[in-house]
Amino acid sequence: DAGVIQSPRHEVTEMGQEVTLRCKPISGHDYLFWYRQTMMRGLELLIYFNNNVPIDDSGMPEDRFSAKMPNASFSTLKIQPSEPRDSAVYFCASSLPTRSETQYFGPGTRLLVL
Amino acid sequence: TQLLEQSPQFLSIQEGENLTVYCNSSSVFSSLQWYRQEPGEGPVLLVTVVTGGEVKKLKRLTFQFGDARKDSSLHITAAQPGDTGLYLCAGDTNAGKSTFGDGTTLTVKP
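Chains as they are written, first to last, in this note's numbering: chain A, 1 to 114; chain B, 1001 to 1110.
In case anyone wonders, no lab produced these hints; they're calculated from the structure.
Cβ atoms here follow ideal geometry from the backbone N, Cα and C, with glycine treated the same way.
Some clues are possibly wrong.
Residues of chain B placed beyond 12 Å of chain A at every Cβ, according to the derived structure [what the hints assert, rightly or not]:
#, residue
1, LEU1004
2, GLN1014
3, THR1020
4, ARG1060
5, LYS1097
So the derived list for chain B, only partly shown, Cβ under 7 Å to chain A, looks like this [unchecked claim]:
#, residue
6, PHE1010
7, GLU1041
8, PRO1043
9, THR1048
10, GLY1052
11, ASP1102
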């Protein structure tokens, strides 16, 4: 079974541009998490969904960030407009409905905003 | 906000040595996970501990959950270069999300 799939793996963009990160969770997993990882702040939870519904978005930095999960097999994280301080590795993770603490991570999207 | 503190932050040892890394909090967790992350990849789950005082072994790795479920340790015996990576602990409060520590970066030199 394929693991969590993220695209693109790498993204380089200029400040002010819109960035869309994509995630396909493991089939059958009801929880989906978006994280951001930087050297300075470590791994930060941005938002998570349960059954396609956003449960906690308190980690979303500001209004420039938005996330959607239109169906059980797809989620997006959008940054508009992007800023250099958004440069980081963004991970998507998913977990089973009864074991939300056991998360399976994707390979991440490495974002560089110039 | 629950805070998980990991120590040491960095650890560099020779192949064959033993080591222990720690994960501490003032909060009680319903379960605690240990992950290992290699460069350019996402974290990979190593183990979940649930019961206070629980000890789990995974080959050369031994994980312990504190009696009060506030802290945990990871002990590696006879470390190998393949053990190199970032070790992250994460605590779950039954609220559906986990809190991650900042990690211990381990380098095992051949």
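Violated constraints from the hint list, given by number and in increasing order:
1, 5, 6 and 10
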